[in-house]
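Engineer: The lines below spell out each chain.
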Amino acid sequence: NAGVTQTPKFQVLKTGQSMTLQCAQDMNHNSMYWYRQDPGMGLRLIYYSASEGTTDKGEVPNGYNVSRLNKREFSLRLESAAPSQTSVYFCASSSDRGPGEQFFGPGTRLTVL
Amino acid sequence: QKEVEQNSGPLSVPEGAIASLNCTYSDRGSQSFFWYRQYSGKSPELIMFIYSNGDKEDGRFTAQLNKASQYVSLLIRDSQPSDSATYLCAVSSSGYALNFGKGTSLLVTP
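Chains A and B, in that order, give the protein sequences.
Under the numbering used here, the first residue of the first sequence is numbered 33, with each subsequent residue one higher.
Under the numbering used here, the first residue of the second sequence is numbered 50, with each subsequent residue one higher.
Hint data in this document are derived by calculation from the structure and do not stem from the laboratory.
Where is the CB? At the ideal position from N, CA and C, for every residue including glycine.
A couple of the hints might just be wrong.
Said to hold, decoys possible - 30 Å max Cα-Cα, derived BS3-like pairs, lysine-lysine:
| # | chain 1 | residue 1 | chain 2 | residue 2 |
| --- | --- | --- | --- | --- |
| 1 | B | Lys91 | A | Lys89 |
| 2 | A | Lys41 | B | Lys116 |
| 3 | B | Lys91 | A | Lys41 |
| 4 | B | Lys116 | A | Lys46 |
| 5 | B | Lys116 | A | Lys103 |
| 6 | B | Lys116 | A | Lys89 |
| 7 | A | Lys89 | B | Lys51 |
As the list claims (entries may be wrong) - Residues from chain A shown here face chain B by an in silico Cβ test under 8 Å; the list is partial:
| # | residue |
| --- | --- |
| 8 | Ser63 |
| 9 | Gly72 |
| 10 | Leu75 |
| 11 | Ala82 |
| 12 | Gly85 |
| 13 | Gly90 |
| 14 | Pro93 |
| 15 | Tyr96 |
| 16 | Thr118 |
| 17 | Phe122 |
| 18 | Pro131 |
| 19 | Phe136 |
| 20 | Gly137 |
| 21 | Gly139 |
| 22 | Leu142 |
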């Protein structure tokens with residue numbers, strides 16, 4: 033099992049460009065999450081999806097959109113990237129048995145110039 | 050704002066010693082508590098969770114929870130250099146959203 037996979041691993045954007053971060057899990061988990069991690073700020077939840085067909089805002093949703101494509105895949109879109117969105121982005125998933133027991137992907141390091 | 054506070058460290062302990070990592074939280078309604086380990090440049094990995102007051106042991110790790118004091122801790126016995134990492138405390142009040150602390154950096158010196 034690959035667990036949680038993310039693409040791309042690294043990305044450099046110019047201000048105003050758009051991009052989609054992809055995430056997939058093969059653990060048959062219902063719940064998926066997107067976090068950003070910044071130095072000194074810790075991990076912050078952007079959006080989550082408790083089940084296929086549902087999405088909810090987390091702590092820092094502004095400037096992002098998400099799509100729960102199916103049970104396996106959960107994508108994060110930046111419509112017009114800003115330098116403040118420079119960060120490391122992690123996708124995670126969990127089962128209903130323990131929503132807090134999350135499995136993380138390897139992360140995407142995004143730089144917005 | 051639901052706060053989860055951790056000392057950023059670094060906490061330095063000699064090999065073989067007990068490392069004690071602490072976390073306080075502000076939301077009295079918090080139900081579930083987690084410790085994640087994150088090596089530099091890597092993703093977080095769940096190492097312990099605790100839902101009830103008291104101690105929970107798993108190998109060299111012990112999680113301790115005191116809801117009255119709004120305090121959760123992680124003890125690492127017989128610390129090894131491979132335990133050197135950042136330890137993230139996470140708290141859930143209900144449902145799916147986890148609130149993370151900023152992490153404590155642990156350095157185990159040979």
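Engineer: Now tell me if each hint is right for this structure.
Structural biologist: We went through each hint and held it up to the structure:
1. Under the criterion of a C-alpha separation no larger than 30 Å, the hint pairing Lys91/B with Lys89/A is consistent with the structure, at around 25 Å.
2. Our distance criterion of 30 Å between C-alpha atoms is broken by Lys41/A and Lys116/B, whose separation comes to about 39 Å.
3. The straight-line distance between the Cα atoms of Lys91/B and Lys41/A is roughly 12 Å, inside the 30 Å bound, and the hint therefore holds.
4. Restraint check for Lys116/B and Lys46/A: not satisfied, since their Cα atoms lie roughly 47 Å apart, outside the 30 Å limit.
5. Between Lys116/B and Lys103/A the alpha-carbon distance is near 35 Å, which puts this suggested pair outside the 30 Å criterion.
6. A threshold of 30 Å between alpha carbons decides the hint, and for Lys116/B with Lys89/A the separation of about 27 Å falls inside it, so the pair holds.
7. Taken as a hint, the Lys89/A and Lys51/B pair is honoured in the structure, with Cα atoms around 16 Å apart against an allowance of 30 Å.
8. At its closest, the beta carbon of Ser63/A sits 6 Å from a beta carbon of chain B; the interface hint therefore holds under the 8 Å criterion.
9. For Gly72/A, the shortest C-beta to C-beta distance to chain B is roughly 7 Å, which falls under 8 Å, so the interface hint holds.
10. Annotation: Leu75/A was flagged as interfacial toward chain B, and the flag holds, the nearest CB pair being 4 Å apart, inside 8 Å.
11. For Ala82/A, the interface hint holds, since its Cβ comes within 8 Å of a Cβ in chain B; the closest pair sits about 5 Å apart.
12. Restraint check, Gly85/A versus chain B: the minimum CB separation of about 15 Å is more than 8 Å; hint violated.
13. Given hint, Gly90/A at the interface with chain B, holds; its Cβ is 6 Å from that chain's nearest Cβ, closer than 8 Å.
14. Residue-level restraint check for Pro93/A is violated (minimum Cβ-Cβ distance to chain B is 12 Å; threshold 8 Å).
15. Interface restraint check: Tyr96/A against chain B, minimum CB-CB distance 15 Å, threshold 8 Å, status violated.
16. The criterion of a C-beta within 8 Å of any C-beta in chain B is not met by Thr118/A, whose closest approach is roughly 16 Å, and the hint is violated.
17. Using the Cβ-Cβ criterion of 8 Å, the hint placing Phe122/A at the interface with chain B is satisfied: the shortest such distance is roughly 6 Å.
18. Against a cut-off of 8 Å between C-beta atoms, the interface hint on Pro131/A holds, since the closest Cβ of chain B lies about 4 Å away.
19. The restraint placing Phe136/A at the interface with chain B holds, with a minimum CB-CB distance near 4 Å, inside the 8 Å limit.
20. Against a cut-off of 8 Å between C-beta atoms, the interface hint on Gly137/A holds, since the closest Cβ of chain B lies about 6 Å away.
21. With a least beta-carbon distance of about 5 Å to chain B, the hint placing Gly139/A at the interface is held under the 8 Å criterion.
22. Checking Leu142/A against chain B: minimum C-beta separation of about 15 Å lies over 8 Å; hint violated.
The structure shown violates the earlier hints numbered 2, 4, 5, 12, 14, 15, 16, 22.
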